[in-house]
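Number of protein chains: 2
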Amino acid sequence: MHDDPITQASGPARVAEPGEGLSDAELALAARNHGMPLEALLHDTTPPGLHYVLVHYDIPFVPPDSPWPVTVDGLVRRPLTIDVAELRSRPAVTHRVTFECAGNGRARLLPRPISQPWLVEAVGTADWTGVPLRDVLAEADLSPDALEVVFTGADHGVERGVEQDYRRSLPLAEALQPDVLLAYAMNGAPLPPQHGYPLRLVVPGWYGMAQVKWLRGITVVDKPFDGFQQATAYRIRQAKTDPGEPVTRMAPRALLVPPGFPDFMTRTRVVHPGPIRLRGRAWSGTAPITSVDVSADDCRSWTATMLGPEPEHPWEWRTWKLPWIATPGEHVLAVRATDAHGRTQPLEQAWNLGGFANNAVQRVPVVCLDG
Amino acid sequence: MHDDPITQASGPARVAEPGEGLSDAELALAARNHGMPLEALLHDTTPPGLHYVLVHYDIPFVPPDSPWPVTVDGLVRRPLTIDVAELRSRPAVTHRVTFECAGNGRARLLPRPISQPWLVEAVGTADWTGVPLRDVLAEADLSPDALEVVFTGADHGVERGVEQDYRRSLPLAEALQPDVLLAYAMNGAPLPPQHGYPLRLVVPGWYGMAQVKWLRGITVVDKPFDGFQQATAYRIRQAKTDPGEPVTRMAPRALLVPPGFPDFMTRTRVVHPGPIRLRGRAWSGTAPITSVDVSADDCRSWTATMLGPEPEHPWEWRTWKLPWIATPGEHVLAVRATDAHGRTQPLEQAWNLGGFANNAVQRVPVVCLDG
Numbered sequence: 001m002h003d004d005p006i007t008q009a010s011g012p013a014r015v016a017e018p019g020e021g022l023s024d025a026e027l028a029l030a031a032r033n034h035g036m037p038l039e040a041l042l043h044d045t046t047p048p049g050l051h052y053v054l055v056h057y058d059i060p061f062v063p064p065d066s067p068w069p070v071t072v073d074g075l076v077r078r079p080l081t082i083d084v085a086e087l088r089s090r091p092a093v094t095h096r097v098t099f100e101c102a103g104n105g106r107a108r109l110l111p112r113p114i115s116q117p118w119l120v121e122a123v124g125t126a127d128w129t130g131v132p133l134r135d136v137l138a139e140a141d142l143s144p145d146a147l148e149v150v151f152t153g154a155d156h157g158v159e160r161g162v163e164q165d166y167r168r169s170l171p172l173a174e175a176l177q178p179d180v181l182l183a184y185a186m187n188g189a190p191l192p193p194q195h196g197y198p199l200r201l202v203v204p205g206w207y208g209m210a211q212v213k214w215l216r217g218i219t220v221v222d223k224p225f226d227g228f229q230q231a232t233a234y235r236i237r238q239a240k241t242d243p244g245e246p247v248t249r250m251a252p253r254a255l256l257v258p259p260g261f262p263d264f265m266t267r268t269r270v271v272h273p274g275p276i277r278l279r280g281r282a283w284s285g286t287a288p289i290t291s292v293d294v295s296a297d298d299c300r301s302w303t304a305t306m307l308g309p310e311p312e313h314p315w316e317w318r319t320w321k322l323p324w325i326a327t328p329g330e331h332v333l334a335v336r337a338t339d340a341h342g343r344t345q346p347l348e349q350a351w352n353l354g355g356f357a358n359n360a361v362q363r364v365p366v367v368c369l370d371g
Numbered sequence: 001m002h003d004d005p006i007t008q009a010s011g012p013a014r015v016a017e018p019g020e021g022l023s024d025a026e027l028a029l030a031a032r033n034h035g036m037p038l039e040a041l042l043h044d045t046t047p048p049g050l051h052y053v054l055v056h057y058d059i060p061f062v063p064p065d066s067p068w069p070v071t072v073d074g075l076v077r078r079p080l081t082i083d084v085a086e087l088r089s090r091p092a093v094t095h096r097v098t099f100e101c102a103g104n105g106r107a108r109l110l111p112r113p114i115s116q117p118w119l120v121e122a123v124g125t126a127d128w129t130g131v132p133l134r135d136v137l138a139e140a141d142l143s144p145d146a147l148e149v150v151f152t153g154a155d156h157g158v159e160r161g162v163e164q165d166y167r168r169s170l171p172l173a174e175a176l177q178p179d180v181l182l183a184y185a186m187n188g189a190p191l192p193p194q195h196g197y198p199l200r201l202v203v204p205g206w207y208g209m210a211q212v213k214w215l216r217g218i219t220v221v222d223k224p225f226d227g228f229q230q231a232t233a234y235r236i237r238q239a240k241t242d243p244g245e246p247v248t249r250m251a252p253r254a255l256l257v258p259p260g261f262p263d264f265m266t267r268t269r270v271v272h273p274g275p276i277r278l279r280g281r282a283w284s285g286t287a288p289i290t291s292v293d294v295s296a297d298d299c300r301s302w303t304a305t306m307l308g309p310e311p312e313h314p315w316e317w318r319t320w321k322l323p324w325i326a327t328p329g330e331h332v333l334a335v336r337a338t339d340a341h342g343r344t345q346p347l348e349q350a351w352n353l354g355g356f357a358n359n360a361v362q363r364v365p366v367v368c369l370d371g
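Respectively, the protein sequence lines represent chains R and U. Under UniProt numbering, read the first sequence as residues 1 to 371, first letter to last. Under UniProt numbering, read the second sequence as residues 1 to 371, first letter to last.
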């Protein structure tokens, strides 16, 4: 098994050795995928190219107006094949929701899990337009023994020796939530290639791995789905032998628009003394955001910020702001969100093998000049 | 000088120590900027989010329909202030041209210059629409002693202790080329924020540092511009004391659409045995591409590829293709472009301190399965 060519091309999951720098493969992922530059927190919706992107394999090339039949099969009484053009002709629904990669923050963990090396910026918010999945499932007429719904993307590759199409499932109760969409538009335009053109799944509140792109198949099953991305990847575990818990909804997180201006290379923020309006956004996938606190002394003391209006959709990020007087010297700003379930952000992240659901507070060193 | 806060926030140019892994700052740049995933070579024009982006400081936040006055001053008889809305009302010109970052390939150099750690994918091609710069310069009526034109962007930051707006110049003869544009649209839509909304410079054939984004000032001068991005950065030098040569036009380069499918983590390409159509694009900023050769044996032997039609614009990439029969085992594909001036790509890159204009051939390891 371990000598076959596909296993050789791949490799096991691992964490970095102490002091081990970023590998060429991690850099290759960092060069092609991208986070949201944090100044883009100023945009209510994140334009393509600023919204984070994480693609496991290749971005499928789909020419405009290609037919794109999507099959609905498995435990349904009326299997369907629906073309995207037909979906576009139905009444459209739009939800503004925040997506975050489950691996956001991974590169800060020690030891570092070897994978896409996100710092803190794997996030974005968009208006996603499409048709509710549950209408399509109702049309297909679910069997009474339906337990999960499996979604298959057109992206194809290898992961830890397993050749696969990207595939994830949702429990039936989640798949039937009214805001789960088969989406064909982002911010009012056809999906960009890297966001799943021509069709993707949108599961508001869940981490990005659930948002299956280039969607071509929907299969209803009566057993828990045990595909690679469900049973092997995207689980919170301490050791490879630990079955772990599945990664599901987004933990609360707040981010700060870094104030002032950056140094190109160090990325240190530089400000002039005086009043500065700190601002940013916060979100959670489990309960609405109820408070955001800011520290200007590296997490020693915290001040409540003013929250913006409650967003229309519970899984859309919420604005916050706080005036701050910058004084000459070095400061470390930090920001922490809490949701209506009382979940908040840790100052130090609990480690897990895959580096998932890491919502440790963002810390932003700032140098304030003398004048 | 070296103790002031702005110098402390910054730091000198340096190269990595032997064995030194990627720094947090290099990773921060890699997470926010992004290359073009190589499978996007299949697109004639590169959509936003796939086209490479390199931003020195923050992306300015410019709300839609903000007034954006651009000043034209210095050695002109008729200083102007033109609003972008006024530029949009003029007859529009569109050029399809290829952009590449001057630092493309930097992360492969040994020792590695510490900066944005590009591998090979910092490229993209777009339709840029705007008005010819020379029409605006003619309107401003150049003084006879005009030597260079300096372009100022709205992006502001620090670099090696120097606080600055991003600023670059062109020699007058280059600025007066008919295809140099003040561009307000990319691929038929308003510029995305990260590509310079609402106005940028487009200098076909030149590396990306010349394509000043968020353009707000055009100043005609009678001396060689000695700003940071001209006299300190973007020079090809062996040592800090070496004045070096300026980085200008793009060296020839060809890239290959990686065949088959990838392993997520190693990025190794996997193919099945049999015929494969190798294809890709090639470009140069000094003369049209005249040949592209492919090696399937790690640069030991080369085969001429079939070039696609000559592009409409000389600085737009050109397609190439070559059939290849994959046989079980490991292969290293490579591709090399040559332009009409006989310039080609080295197998090993000559090193320089900034890691600029590195056009060493792309090598793509491929594992072919047994069946």
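What the hints contain is simulated information worked out from the structure, not anything from laboratory work. This one's a predicted model, so the numbers in the text were calculated from it and none came from an experiment. Note that beta-carbon positions come from the ideal geometry of N, C-alpha and C, so glycine has one too. Hints are not guaranteed to be accurate.
Selected chain R positions facing chain U (in silico; Cβ < 8 Å) [as the list claims (entries may be wrong)]:
| # | residue |
| --- | --- |
| 1 | Gly-11 |
| 2 | Val-15 |
| 3 | Pro-18 |
| 4 | Gly-21 |
| 5 | Ala-31 |
| 6 | Pro-117 |
| 7 | Val-271 |
| 8 | Gly-274 |
| 9 | Arg-300 |
| 10 | Trp-302 |
| 11 | Met-306 |
| 12 | Glu-310 |
| 13 | Asp-370 |
Reference listing, derived: stretches of chain U covered by chain R, where coverage requires no fewer than 3 residues with Cβ under 8 Å from a Cβ of chain R [unchecked claim]:
| # | region |
| --- | --- |
| 14 | 50–61 |
| 15 | 67–73 |
| 16 | 93–105 |
| 17 | 185–195 |
| 18 | 222–230 |
| 19 | 290–300 |
Here is what the structure says about each hint:
At about 6 Å, the closest approach between the beta carbon of R:Gly-11 and any beta carbon in chain U falls short of 8 Å, and the interface hint on this residue holds. A distance limit of 8 Å between C-beta atoms decides the matter here; for R:Val-15 the minimum to chain U is near 13 Å, and the interface restraint is violated. With a cut of 8 Å, the hint placing R:Pro-18 at the interface with chain U is violated, because the nearest CB-to-CB distance is about 12 Å. Annotation: interface hint on R:Gly-21 holds; nearest CB of chain U at approximately 1 Å, less than 8 Å.
Nearest Cβ of chain U to the Cβ of R:Ala-31: about 5 Å, under the 8 Å cut. The hint holds. The restraint placing R:Pro-117 at the interface with chain U holds, with a minimum CB-CB distance near 6 Å, inside the 8 Å limit. Taken as an interface hint, R:Val-271 does not check out: its beta carbon lies about 10 Å from the nearest beta carbon of chain U, beyond 8 Å. Among the interface hints, the one on R:Gly-274 is violated; its C-beta lies about 15 Å from the nearest C-beta in chain U, farther than the 8 Å criterion.
At about 22 Å, the closest approach between the beta carbon of R:Arg-300 and any beta carbon in chain U exceeds 8 Å, and the interface hint on this residue is violated. About 25 Å separates the beta-carbon of R:Trp-302 from the nearest beta-carbon of chain U, more than 8 Å, and the hint is not met. The interface hint given for R:Met-306 is violated, since its Cβ lies 20 Å from the closest Cβ of chain U, which is over the 8 Å cut-off. The restraint placing R:Glu-310 at the interface with chain U is violated, with a minimum CB-CB distance near 23 Å, outside the 8 Å limit.
Interface hint at R:Asp-370: satisfied, since its Cβ lies 7 Å from the closest Cβ of chain U, which is below the 8 Å cut-off. Taking a C-beta to C-beta cut-off of 8 Å, the region 50–61 of chain U contributes 9 residues in contact with chain R, enough for the three needed, and the coverage statement holds. Counting residues of the region 67–73 of chain U whose C-beta sits closer than 8 Å to any C-beta of chain R gives 0, which falls short of three, so the coverage hint is violated. Using a Cβ-Cβ cut-off of 8 Å, 0 residues of the region 93–105 of chain U lie near chain R, which falls short of the minimum of three, so the contact claim is violated.
Given a C-beta distance limit of less than 8 Å, the hint that chain R covers the region 185–195 of chain U holds, as 4 residues qualify and 3 suffice. Against chain R, the region 222–230 of chain U contributes 0 residues with a C-beta closer than 8 Å to a partner C-beta. That does not satisfy the three-residue criterion, and the hint is violated. Under the rule that three or more residues need a Cβ within less than 8 Å of chain R, the assignment of the region 290–300 of chain U is violated, with 0 such residues.
Going down the numbered hints, you'll see the structure goes against 2, 3, 7, 8, 9, 10, 11, 12, 15, 16, 18, 19, while the others check out.
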